[in-house]
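From first to last, the protein sequence lines are chains A and B. Residues in the first sequence are numbered consecutively from 1, following our numbering. Residues in the second sequence are numbered consecutively from 1, following our numbering.
It should be emphasised that the hints constitute simulated quantities derived from the structure, not laboratory data. The reader is advised that the hints may include incorrect statements.
To be verified - Label pairs and their computed distance ranges (CB to CB): (1) B/Ala-123 x A/Thr-128: 34 to 40 Å; (2) A/Ala-254 x B/Ala-79: 53 to 59 Å; (3) A/Ser-204 x B/Gly-17: 33 to 39 Å; (4) A/Leu-241 x B/Gly-17: 35 to 41 Å; (5) A/Val-111 x B/Gly-17: 44 to 50 Å; (6) A/Leu-253 x B/Asp-188: 49 to 55 Å; (7) A/Arg-18 x B/Ser-291: 27 to 33 Å; (8) B/Gly-222 x A/Val-10: 54 to 60 Å; (9) B/Asp-188 x A/Leu-25: 50 to 56 Å; (10) B/Arg-180 x A/Tyr-23: 43 to 49 Å; (11) A/Ala-208 x B/Arg-67: 50 to 56 Å; (12) B/Ala-123 x A/Val-10: 51 to 57 Å.
Unchecked claim - DSS-like, lysine-lysine: derived pairs with alpha carbons at most 27 Å apart: (13) B/Lys-21 x A/Lys-269; (14) A/Lys-49 x B/Lys-143; (15) A/Lys-77 x B/Lys-140.
None of the values given here were measured: they were computed from a predicted structure. Glycine included, C-beta positions come from ideal geometry on N, C-alpha and C.
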Amino acid sequence: MSVNIKPIAVHVFRESVRDRVPYTLVLFAVLLIAASFLLGQLTAGQDIKIIKDLGLAATSLFGLFIAVFIGIALVSKEVERRSIYGLLTKPVSRAQFIAGKYAGLLVTLAVNVAIMTAALYLVLAYMTWQEPANVRAAWDAPGVDPALLGAVLLIFVELALVTAIALFFSTFSTPMLSAALTLGLWIAGRFNADLRNFDAVVESAPAAWLARVLYHVLPDFSAFDVKLQVVHGLPISAGYLAATVAYGGAYILALLLAATVIFARRDFK
Amino acid sequence: MAPAIRIDALTKDYAVGFWRKRPYRALDRLSLEVAPGEVFGFLGPNGAGKTTTLKLLMQLIFPTTGRAEILGRPVGDVAVRRRIGFLPENPYFYDNLTAEELLHYFGELFGQSAADRRARIPALLDRVGVGAERRLQLRKFSKGMIQRVGIAQALLNDPDVVFLDEPMSGLDPLGRRDVRSLILSLRDQGRTVFFSSHILSDAEALCSRVGIVAGGRLVASGRLSELLAFETRGWELVISDARPELIERLGARVSRTIEIAPGRYTLELPGDAAPEQLVAELTTAGARLVSVNPLRATLEDFFVRHVTETGAGARAAFADESHARP
Ligand SMILES: Nc1ncnc2c1ncn2[C@@H]1O[C@H](COP(=O)(O)OP(=O)(O)O)[C@@H](O)[C@H]1O
Ligand SMILES: [Mg+2]
Numbered sequence: 001m002s003v004n005i006k007p008i009a010v011h012v013f014r015e016s017v018r019d020r021v022p023y024t025l026v027l028f029a030v031l032l033i034a035a036s037f038l039l040g041q042l043t044a045g046q047d048i049k050i051i052k053d054l055g056l057a058a059t060s061l062f063g064l065f066i067a068v069f070i071g072i073a074l075v076s077k078e079v080e081r082r083s084i085y086g087l088l089t090k091p092v093s094r095a096q097f098i099a100g101k102y103a104g105l106l107v108t109l110a111v112n113v114a115i116m117t118a119a120l121y122l123v124l125a126y127m128t129w130q131e132p133a134n135v136r137a138a139w140d141a142p143g144v145d146p147a148l149l150g151a152v153l154l155i156f157v158e159l160a161l162v163t164a165i166a167l168f169f170s171t172f173s174t175p176m177l178s179a180a181l182t183l184g185l186w187i188a189g190r191f192n193a194d195l196r197n198f199d200a201v202v203e204s205a206p207a208a209w210l211a212r213v214l215y216h217v218l219p220d221f222s223a224f225d226v227k228l229q230v231v232h233g234l235p236i237s238a239g240y241l242a243a244t245v246a247y248g249g250a251y252i253l254a255l256l257l258a259a260t261v262i263f264a265r266r267d268f269k
Numbered sequence: 001m002a003p004a005i006r007i008d009a010l011t012k013d014y015a016v017g018f019w020r021k022r023p024y025r026a027l028d029r030l031s032l033e034v035a036p037g038e039v040f041g042f043l044g045p046n047g048a049g050k051t052t053t054l055k056l057l058m059q060l061i062f063p064t065t066g067r068a069e070i071l072g073r074p075v076g077d078v079a080v081r082r083r084i085g086f087l088p089e090n091p092y093f094y095d096n097l098t099a100e101e102l103l104h105y106f107g108e109l110f111g112q113s114a115a116d117r118r119a120r121i122p123a124l125l126d127r128v129g130v131g132a133e134r135r136l137q138l139r140k141f142s143k144g145m146i147q148r149v150g151i152a153q154a155l156l157n158d159p160d161v162v163f164l165d166e167p168m169s170g171l172d173p174l175g176r177r178d179v180r181s182l183i184l185s186l187r188d189q190g191r192t193v194f195f196s197s198h199i200l201s202d203a204e205a206l207c208s209r210v211g212i213v214a215g216g217r218l219v220a221s222g223r224l225s226e227l228l229a230f231e232t233r234g235w236e237l238v239i240s241d242a243r244p245e246l247i248e249r250l251g252a253r254v255s256r257t258i259e260i261a262p263g264r265y266t267l268e269l270p271g272d273a274a275p276e277q278l279v280a281e282l283t284t285a286g287a288r289l290v291s292v293n294p295l296r297a298t299l300e301d302f303f304v305r306h307v308t309e310t311g312a313g314a315r316a317a318f319a320d321e322s323h324a325r326p
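Sequences are here, hints too, so could you generate the full structure?
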């Protein structure tokens with residue numbers, strides 16, 4: 001039956017390409033190159049850190065944009081415009097529909113993140129090659145640092161999680177609402193760590209209780225952000241990487257399961 | 001032989017209203033069976049419950065109560081979809097895809113090999129009359145062309161049972177003729193066709209059996225010949241080159257005379273009249289025969305009678321009944 005996941009996934013990827021996602025990538029590359037050129041005029045030695053930070057932040061932001069908008073557009077638009085009538089009357093179960101869409105979105109994200117990472121490395125390689133050896137020796141980490149890939153991996157897992165959230169919301173709400181809810185959840189998740197200490201700040205018991213519940217339910221998106229360590233050449237343990245990937249994976253599985261259950265019972269009116 | 005389609009007391013309530021949701025019965029205990037190889041016309045005015053029935057059969061929505069089977073399997077069975085085709089009402093597919101790409105995508109979902117698809121798809125698009133546009137993105141297709149693509153995707157897997165929701169809608173007269181002959185060729189291949197329509201002439205031209213729904217209820221079903229009891233109410237003659245005296249001479253033998261143009265008349269004869277004799281008489285007197293047609297009760301007459309008798313009143317009754325339920 002896996003035969004019916006692949007065509008759906010391929011279709012998602014093709015739709016994303018035709019939905020002008022590649023333009024986002026061009027914009028990304030242009031921004032990065034422009035930034036490196038401008039920064040090159042400024043302080044020596046600092047600019048490589050800023051470019052790394054900027055490149056990783058932009059990868060995650062552009063990825064977020066792709067994850068939310070493509071993820072939502074491709075599922076709830078399908079329901080809203082009723083193209084799903086044609087699809088679900090083929091030998092495709094609703095669970096396969098969800099799995100196929102998610103797989104396609106993951107492939108789309110992976111390709112996009114890979115391209116952005118490659119662009120970042122190219123810019124870094126060029127900057128490294130431009131600097132004299134004594135400047136390079138003063139850097140915390142090499143210019144073309146393989147440790148960046150650890151940060152990229154976590155960014156990818158974070159985006160995969162955002163995509164699962166978007167998919168989950170779009171199985172039962174409108175595109176606009178899904179986008180708002182997903183972004184809202186992402187922002188709340190970014191500040192998740194602050195919720196833990198919320199009871200120290202507020203007096204009201206119900207508010208503290210609510211904060212505690214949210215803290216446990218919301219994914220902690222800040223866990224995926226290791227830009228700072230990587231940029232300053234601080235090590236990220238393999239254990240941390242593995243644990244964070246597993247954490248994201250567990251959330252993703254739960255969300256996909258819930259999405260499938262909701263979707264399987266839904267009337268397409 | 002097991003029926004191709006079996007619908008058993010299917011009922012669907014939609015929740016309507018923004019704040020206080022209340023049930024609205026779109027379909028009320030509908031039961032019917034369609035035998036293999038039949039062309040079944042599912043007829044009814046707008047809002048009768050035709051699309052609701054088809055969506056229930058396709059498991060796009062779930063019944064409140066009742067059940068349905070296709071080819072002896074419950075409609076929820078994904079495997080049964082390998083053997084059926086469905087044309088949604090006012091279909092929409094992906095704007096970004098070309099007609100050909102859409103069919104390749106769907107063909108893959110049926111597990112068709114690339115070689116198989118390459119052989120099948122151009123022929124199929126030709127068959128529905130959009131072969132020349134197969135490399136065009138669907139966003140550039142007119143409503144009628146999309147309808148044709150919709151028919152093509154419903155036939156992609158050589159289905160044993162084809163469900164068509166208003167297949168003629170959006171088509172020009174030529175398109176209607178094409179779809180009619182397509183349905184007849186499906187019948188000749190022994191396929192079962194279940195189509196909904198509010199256009200009665202389509203059903204008269206195509207169906208071996210019809211079901212008529214109004215207000216969510218099946219109000220009649222059966223062979224067209226039984227429903228209409230094809231008895232002749234009379235005859236309609238059109239003649240030309242007739243002198244007025246000749247027409248006057250006919251007297252009470254014609255029930256109605258209409259002069260269409262000088263020398264050209266439409267004559268209506270009562271049901272017990274023998275048109276042959278009158279035709280002979282008129283032609284010997286120098287008139288020319290243009291046409292002779294039997295006048296019989298049409299599906300339209302039947303439809304109007306049944307729908308007005310049971311349609312509107314029935315809906316109010318359902319609504320009350322559904323309110324009363326806990
Ligand atoms: N999603 C829905 N929510 C509420 N009522 C609906 C919905 N879809 C259809 N209906 C109602 O159900 C009845 C049957 O509709 P439908 O099956 O589309 O009719 P038909 O296809 O025969 O024109 C109509 O009165 C319609 O207003
Ligand atoms: Mg309809």
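Requested in this report: May I ask which of the numbered hints given earlier this structure violates, with the numbers listed in increasing order?
Outcome: Structure breaks hints 1, 2, 4, 7, 8, 12 and 14.
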